[in-house]
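Student: Each chain, letter by letter, is given below.
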Amino acid sequence: MVKVRIPQPLRALTNDDEIAEVSGKNVRQIIDALEQLYPGVKAALLKNGKIRPDIAIMLDNKIAQLGLLEPVSEDAELLFIPAIGGG
Amino acid sequence: MGKRHHVVTTINGEATEFLCEPRQSLLEVLRDVLFFTGSKEGCNDGNCGACSVLVDGVLIDSCCMLGVEAEGSEIETIEGMANNGELHPLQQAFLEETGMQCGICTPGFLMSAKALLKQNPQPDEGEIRHWLAGNLCRCTGYDKIVRAVQKAASNMGGGA
Amino acid sequence: MSTKEKKADDLRVVGTRPIRPDGADKVTGRARFGDDIHLSNMLHGKVLRSPHAHARIISIDTSKAEALPGVVAVVTGADFPVIEHEMVSQGEAGLADMRDIADNCMAQDKVLYDGHALAAVAAENPHVADEAVQLIEVEYELLTPLMDVRSSMAEDAPKVHEHSFPGFFIAPTEAHLPNASRVHMSSGDLEAGFAEADHIVEREFTSETYHQGYIESHITTVDWDSNGNLTVWTSTQGQFEIRDNLADVLAIPIGRIKVIPMEVGGAFGGKDRIYLDPVAALLSKKSARPVKMAMRRDEVIRATGPSPGTYIKAKMGIKADGTLVAADLHLAYEAGAYAGGPIFLGVVSSAARYNIPNFQINGFDVIVNKPKTRPYRAPGAPQGLFAMEQIVDELAACVNMDPVDFRIKNLTREGDILLPGFPLAPIDTDLTLNTLKSHPHYTAPLEGPNRGRGMSYAMWFNLGAISSARLAVNPDGTVHLSTASSDMSGTRMTLAMQAAEALGIEVSEISADVSDSQSIGFSMPTVGSRTTYSTGIVVMEAATEVLKQMSERAAMLWEVDVDQISVADGVFSNKSNAEQSISFKELGSKGRDTGGPITVHQTSSPESFIPGVTAHLVDVEVDPETGKVDILRYTAVQDVGKAVHPDYVEGQIQGAAVQGIGLALNEEYFYDKEGHLKNASLLDYRMPTSLDLPMIDAVIVESPNPAHPYGVRGCGEHSIIPPASAIANAIHDAVGIRPDSLPMAPHKICAAIKRKQAASD
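For the protein sequence lines, the chains are W, R and P, in the order given.
The opening position of the first sequence corresponds to residue 578 in the numbering used here, with each subsequent residue numbered one higher.
The opening position of the second sequence corresponds to residue 399 in the numbering used here, with each subsequent residue numbered one higher.
The opening position of the third sequence corresponds to residue 134 in the numbering used here, with each subsequent residue numbered one higher.
Everything labelled a hint here was simulated from the structure, so no lab data went into it.
Note that the structure is predicted; figures quoted are calculated from it, not measured.
We treat Cβ as the ideally placed atom computed from N, Cα and C, and that holds for glycine.
Among the hints, a few may not be true.
Computed list of lysine-lysine pairs in DSS-like fashion (alpha-carbon distance at most 30 Å, straight line) [as the list claims (entries may be wrong)]:
(1) R/K401 with P/K419
(2) P/K448 with P/K881
(3) W/K639 with W/K624
(4) W/K627 with P/K391
Heads up, incomplete: computed chain W residues facing chain P, CB under 7 Å, no partners named [to be verified]:
(5) R582
(6) M635
(7) K639
(8) I640
(9) Q642
(10) I658
Based on the sequences and whatever the hints tell you, model everything.
Tutor: Structure representation (structure tokens):
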């Protein structure tokens, strides 16, 4: 099972659950699985069919580069964080 | 287009003539009329020194002088600093001491430092910093520029 | 094929100090910066800018400008295609709205800051263009300007934009914040945390808008061909960013645009966004001639992308033994005229350095009638640390703890979970602080009245992200390296050094260039301290592939299987015949005989969130009569993982520290009540000169970054963060006042000293 850490702003949609365990082979499947458990999270995470540009996804502490298509391994930990930049 | 004046001058030892409008600065003439693009514009009002040149041996900001005022003068720009391909000790020192990063202020600093060492071949750190205060650098924090000038002064027989 | 594994101390090239080849052109004035291009038949463009901070545009009459002899084309907002509000990731400072970007280049209905572009002219020479701009007549309806974050967040503040914000990081737009967007992070139980605290300090701070201050302004030259293809010559940190922004704003296909990077005269985060480019493109289209546009210095200050002014309220608590136990931060950062400033970076940098079990941050991205804020070297961090590192200093004093010891007690270390939820990647954070503490400066005597010493500690994360590189082996066996990474600091050299190290050849055998957007694969801009690290990794991946292909050629030459070939230090050998070996150069020059030239193009995306830390120490002298603060001595210790070229790393540390000193003591935007910028010149926007500073002692420490083969961490940004707080702490040590407002200009210090004297009288 993939362990998903629910970011603060979404906890209103997840009955305050901080962690969800779901199955999925890639990020898209994980988000669909989350939507099954907590209706509304998909709309909060996606825009125009892609991950919102202000959100980055960390899988086992590495930033996912492929967005929804990023493969997710069996026991991965997934974290949503704000996308950052630099100057 | 305003009426252009004919100006005769010497630039880096070569007799040079050009036409310019009265409202064109010497910097503009150098860059856009004569295509000596080594002198740079940073502010156009005498506050950054990126356009520093020597006119009759005096260090000036060429953005604050008009092209027509150059009549009869001897102008030295960065393009004349190396001698037949051989770098001036200041240029060499800037390379060795990494006295630059982006390089936009470098021509101005080199002209300014050249004028300093002509006047004071053995400046101490305070004198260097004081003289160069009219040249702004945003990349280096000035450390390596000062060290480059110190090294050049020493190599040129002065040094303090 | 096998290659020898390199240990850090085996390195041949990395860690040395060769002279950069592009340096010669820079000291002779031959290097071509943005303005050093002249195309035949070229026109010069100039922009009409709003004199008002906030106004509706009722009408624009360009007829007199068009009639001026020498004027060839005029454009206004009406010439721009209408595009949707679309939130895009800029890869930099989070997100932006494409329509906002277009509107910032040229206003459509409203002008939103003093300097906002609303029309432009192309003429035969720049003076005629200047005259023409002044002939354009505009009718405005003045609106109330919002000039600081608190007025803009007030309940009754007028709404600046009609379209609503997307909300930053999933937070829904909040109706009671018409001009702001909120990012919230928390952990633990704040109330319980403060209940546990034995000492609590709560303070408010403000800071003013400041600018990157690059000496070269913004310049762009454009030309169209007869097929509608656009070429842009510009000085930029990111040619792909410029290309993609232009495609969106002009509504033309990306494939039609080629951006050619010129040398960049400083950028620091301010030059990866379009300003003049689409305007020049439209003027060029209308006039069917090339157009060059260059901003004057006042335009740069008024109308590009400064760093935000802020209002910060911070409350922190410790236990009696000095352990940080709770922190509550309210950070309101100016976004400028459009949403999307560096608030999240301000939040993360504030949260990452110490373990604080009960922590809340509310960050606000606030619209004000000032130019849209853009990244400036560690965006958002100097402001946040100005607040936090002073409070930390005060708390340390409450329990009589040495300031460095206090930081060491509370440091985050490798593996500690940071506030956003991920662990701190491998780094020895103690190393930097211990190095500072054992530096002679730390215990040097500091005598005399009004003199004081202060320190500060900062953490920053460098980006990885996507880069491309091409290595081509030339017919003479030398190598050419192409990347897209614009070079402001010597990165052509540090990338070539990494290639030389990986290939086993001398760095003098490698030439390097910065390629245009059609000649190399996509790359993120030179930002986020990423280039030496991230593009370096991609360069080395390309080098590995080059060695692999060359090994195949050697196998072909010697008629053996490729697994018989070994390569080390630039020499290929036949494992089954000790007599057979060939140098890289000689093998490379046989390219044509063995199947053709070897050219490898590589694109990949190294890891982001690589931490780097820095600790600064400063001695100051305060003049109590004038409030002037002199820097007597400055030491900056920074962990760079591995210094590829130590001179360049020192240069980054020193340059960043001096920018930090500038924003600490002098740099700010002065606006009057109506929102007019009063100091848009380098005389009154006061940046440090050589006379303001002593030598900056830059001390490199290295705790290797395992994500890079040689341990490199990004290093360019970090040292801009500590100076403001280190100097503030030193001022407190000197004269007993706590500066609460940046910059710490003489009149403020003077007033604070007088207040203190009055209070004690």
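Student: For each hint, tell me whether it holds in the structure or not.
Tutor: Hint-by-hint comparison with the structure:
1. R/K401 with P/K419: 28 Å, holds
2. P/K448 with P/K881: OK: P/K448 and P/K881 at ~23 Å, within 30 Å.
3. W/K639 with W/K624: 22 Å, holds
4. W/K627 with P/K391: 27 Å, holds
5. R582: 6 Å, holds
6. M635: 5 Å, holds
7. K639: Interface hint status for W/K639: holds (6 Å vs cutoff 7 Å).
8. I640: 5 Å, holds
9. Q642: 5 Å, holds
10. I658: 5 Å, holds
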